[in-house]
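Enquirer: Protein chains in written order, with the numbering used here: chain A, 6 to 389; chain B, 38 to 189; chain C, 178 to 543.
Note that these hints are calculated values from the structure, not bench results.
Just so we're clear, the structure is a prediction, and the values are computed from it rather than from any experiment.
Hints may contain errors.
[Unchecked claim] Below are the EDC-like pairs computed for lysine to aspartate or glutamate, each with C-alpha atoms no more than 16 Å apart in a straight line:
id : chain 1 : residue 1 : chain 2 : residue 2
1  : B       : 70        : B       : 181
2  : A       : 81        : A       : 49
3  : B       : 130       : A       : 126
4  : B       : 70        : B       : 105
5  : B       : 130       : A       : 124
6  : B       : 176       : B       : 111
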Amino acid sequence: MGERVAIVGAGQTLHRSRRLDVSAPELIDEAVQAALTDAGMGPDGIDAIVVGNMEHFEGIHLSDLWAVEGTGGVGKPQLKIATGGTTGSSLSQAAYYLVASGAFRTVLAVGWERLSDSEGETTTGIVTAFDPIYERPTLAGAVSGLAIMACQYQSKYGTRPEDAAEVVIQARENALRNPHAHLRKPVTTAEVLASPMLSTPMRYLDMCPTSDGAAAVLFTSRPGDRSAAWVRGVSGAHNHVYLGDVAEGAASFLNTLTIAAERAYKQAGVTSPREQFDVVEMYEPCTWAALEWAESLGLCAKGQAARLWGEGTTRLDGDLPVNPSGGVLCTNPIGATGLVRVAEGSLQVRGRAGERQVDGARLALTTGFGGSFWSEVMILGRDA
Amino acid sequence: MSEQDPIVVRCTPELTYRYAAGRYGSRFLRGLKEGRILASRCRRCPRTLVPPRIACTGCFGRMEEVVEVPPRGELLAYTQVTFPFLDPFTGVKRPIPYCYGMVRFEGTDNTFQYFLAEKNPANLRVGQRVRAVFREERKGEMADLVCLEAAE
Amino acid sequence: MQPVVILGAAQTRHAARRPEASYAELAFEVVADVLARTGVGHDRIDTVITASSDFWDGRTISDMSVQDAVGAAGKSASKVSMDGAFALVYGAARIASGAYRTCLVVAHGKASEGMPRAIASAAFDPIYERPLGPDDRVALGLQARRFLDLRGLGEEVLAEAAAQAWTAAASNPNAERREARTAVQVSSDALVADPLRGSQLAPDSDGACAILLADEQTAAQVAAASGREGGSTTVRLEGFGLSTDMHGLGDRDLGTAGVLPRAARSAYEQAGIHEPGRELDVAETYDASSAQTLLWREGLGLPPTGGPAWNPSGGAMGAQPGFATGLVRVAEVFERLARGEGRTGVAHGMTGFVGQAHCVWVLRRR
Chain A
6 MGERVAIVGA
16 GQTLHRSRRL
26 DVSAPELIDE
36 AVQAALTDAG
46 MGPDGIDAIV
56 VGNMEHFEGI
66 HLSDLWAVEG
76 TGGVGKPQLK
86 IATGGTTGSS
96 LSQAAYYLVA
106 SGAFRTVLAV
116 GWERLSDSEG
126 ETTTGIVTAF
136 DPIYERPTLA
146 GAVSGLAIMA
156 CQYQSKYGTR
166 PEDAAEVVIQ
176 ARENALRNPH
186 AHLRKPVTTA
196 EVLASPMLST
206 PMRYLDMCPT
216 SDGAAAVLFT
226 SRPGDRSAAW
236 VRGVSGAHNH
246 VYLGDVAEGA
256 ASFLNTLTIA
266 AERAYKQAGV
276 TSPREQFDVV
286 EMYEPCTWAA
296 LEWAESLGLC
306 AKGQAARLWG
316 EGTTRLDGDL
326 PVNPSGGVLC
336 TNPIGATGLV
346 RVAEGSLQVR
356 GRAGERQVDG
366 ARLALTTGFG
376 GSFWSEVMIL
386 GRDA
Chain B
38 MSEQDPIVVR
48 CTPELTYRYA
58 AGRYGSRFLR
68 GLKEGRILAS
78 RCRRCPRTLV
88 PPRIACTGCF
98 GRMEEVVEVP
108 PRGELLAYTQ
118 VTFPFLDPFT
128 GVKRPIPYCY
138 GMVRFEGTDN
148 TFQYFLAEKN
158 PANLRVGQRV
168 RAVFREERKG
178 EMADLVCLEA
188 AE
Chain C
178 MQPVVILGAA
188 QTRHAARRPE
198 ASYAELAFEV
208 VADVLARTGV
218 GHDRIDTVIT
228 ASSDFWDGRT
238 ISDMSVQDAV
248 GAAGKSASKV
258 SMDGAFALVY
268 GAARIASGAY
278 RTCLVVAHGK
288 ASEGMPRAIA
298 SAAFDPIYER
308 PLGPDDRVAL
318 GLQARRFLDL
328 RGLGEEVLAE
338 AAAQAWTAAA
348 SNPNAERREA
358 RTAVQVSSDA
368 LVADPLRGSQ
378 LAPDSDGACA
388 ILLADEQTAA
398 QVAAASGREG
408 GSTTVRLEGF
418 GLSTDMHGLG
428 DRDLGTAGVL
438 PRAARSAYEQ
448 AGIHEPGREL
458 DVAETYDASS
468 AQTLLWREGL
478 GLPPTGGPAW
488 NPSGGAMGAQ
498 PGFATGLVRV
508 AEVFERLARG
518 EGRTGVAHGM
528 TGFVGQAHCV
538 WVLRRR
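Could you build all of it, start to finish, from the sequences and the hints given here?
Expert: Structure follows, in structure tokens:
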């Protein structure tokens, strides 16, 4: 088997709706320097870099090579990974395998996006992720794709919009403790239900924002005496080509998350996720998704996720805190979003999450979501 | 612009693409011209999928057959889009509101995403029957299929 | 990293236009072919890595269109948004990590569906470079001119290198260009980007390539099951190197092989190669121009004449199917070694203008 792999550093930018104060390489550098500082390491300690970004949003082809000065990749091996929403989680997995294989000792994963470069037309870019002939005419980006999922979920379980609203209410509360988060303003049920309808049943405040930001995470097989978050489980499951194939006979819309989670749980020896995980950083692109994803992860029975949030289990002081960072609902620089989950999970088990720290967290579950409802999972532990 | 304001440079590269529908997609679009819905079938799995495509979602093997399926089915999910956004095809805002849904055509195993005739989501329900509406003058393109309307 | 076995490789017949095939159909063609060649079923593929470009495909998340064609659904899969030779690094690492026994690496590119020059232009800096209207060929011209000036060489060396590539490609059934041309013929083409003429530039092609990787144990099982003698014809990936240069053309010396020697050094070191000119039997490079043919040869530490069989497929000058181009180089070296034509070979992939990022692989038959 391969090398054991640990995360020894994590850094993020201040995520905001517009980071016009910096160029893309400068934005990336902000996250990279933060990760190096966190690890107490210099750039010479980095053997290779994996960088991710969805270049259509910035309109720059080969954006990895254009922004190479930001990652510190000049003269070094650098690979670009680009898988849509999962880009950040895919980066963490690529960095993991490159280290586990023995190919490199220390690999820096860097995800970034400047969605403000699309001048507010992020949906246009997301529409082009789908089939030009069959899907683009009808699809309204991630918003309507997820609305379709929410429609099915709601019709199956009779979940009320106010139940879903609870997810963003808690996320915004958590984001107040996270200086990096983009949206740091509390919201109420009444505000969520009164926010503009985007695509039934999805309202404006049910949906994640579009952000500018970057994240950087250091993976190594030689942590030495550095504070480490050990990678205990890594898995992913892709899906079919068309959105119309996705829910085909599956028990849940995000069947891929169940498949990926089961594999990763097995690697980490997790048999009852609800009890064993101390914290979850999930990629929840909208409130309704958090409910469905929690069930797909086996954190509760089907149709019961609203109770997890309603009863406060998911709160920072609850039994199983979900997204103490505020999650994707508060911060979404697409190419970095999945890596932020991993960064946050690693900070939690290293006890370095500041005001959003979950007391005594030892085992963290992080997830990535993207494409045509595909999923990636990484489990991080304080213990090797 | 003040001395402190960041400078932003606007750039709008124009790129045109000519997407190949492929062998299976070309048959589907020609089927629409004839007012027919075509699917691909894998006899091993067995599985019938719209639109037709080369690789089976069950066994990843080649889908050998292209068959016609009834132009009617069941609505399994829907949404009404009410927010404005730039349509990547036309370069202008897509007209809103509009409803679309996921329809399982009779005899198929997946769903197909398309426009619904109904404008009010309150009149839609999961499980309702719908049928395909074709336009009179068809050209072998997606627009030949106008929408799916309630069949009951 | 432990060596990883190449079980098989497949490529399309590359062409200027494949309007009848969608991306999925193009990818399916090579996946079905490599599975048939190796006798490995889809159920034995543990993981999949693809390589494609969102800008080339005109599709954000370009790997989505090929998910079923490469059999990725339900499996852990990922996409390297670089030339396929780089994707092979990730595929091999997934196996060497011990997590997977087999990995399918698939790359596709269709120049005919987009606007290659305009897409290339979108890779230049939007503030400092794009106003000048550069594209990939302009950059290749700058590189070629600088190369000639730095060495005091005449344009005839470009013509000779191009003629050699055209002649080799003529006998490659998968090449787009299949017409032998002399140095005189390639010198009479119209100038595209001084000093380069049309036939001294790689064509824009449609095509795909698949390579199936496995660990040693699985490779032995597959060989045993197929009734072929295991071991003696096994080709392994024994070393790789990656390197990245600055972006700005003004920040690099275009007349040199840039950071390629760095990648080559790493690959040779891992494979235990000390004298590449003597120890290598075959070399395949991603040369987007005939100046690169000469530069990359030098960058790989090979003598100007003699040494290994040089781009026997015609190299990228024979066909350049986007991000599949470098993976095709690996496939070509593999096929040659698997046929017993030599024991050790080097394959080269490239991403970005005039060699901003290089990937070097050493393959060896045991």
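Enquirer: Indicate, hint by hint, whether the structure satisfies it.
Expert: Verification of the supplied hints:
As the CA atoms of residue 70/B and residue 181/B are separated by approximately 7 Å, the hinted pair is consistent with the 16 Å bound. With a CA separation close to 10 Å, the supplied pair residue 81/A and residue 49/A stays within the 16 Å bound. Only pairs whose Cα atoms come within 16 Å are accepted, and residue 130/B paired with residue 126/A is accepted, the gap being roughly 10 Å. A hinted pair counts as satisfied when its Cα atoms are at most 16 Å apart, and residue 70/B with residue 105/B qualifies at roughly 13 Å.
For a cut-off of 16 Å, the pair hint linking residue 130/B to residue 124/A stands: about 14 Å separates their Cα positions. Pair hint residue 176/B plus residue 111/B does not hold up; C-alpha atoms about 26 Å apart against a cutoff of 16 Å.
Violated hint for the displayed structure: number 6, the only one.
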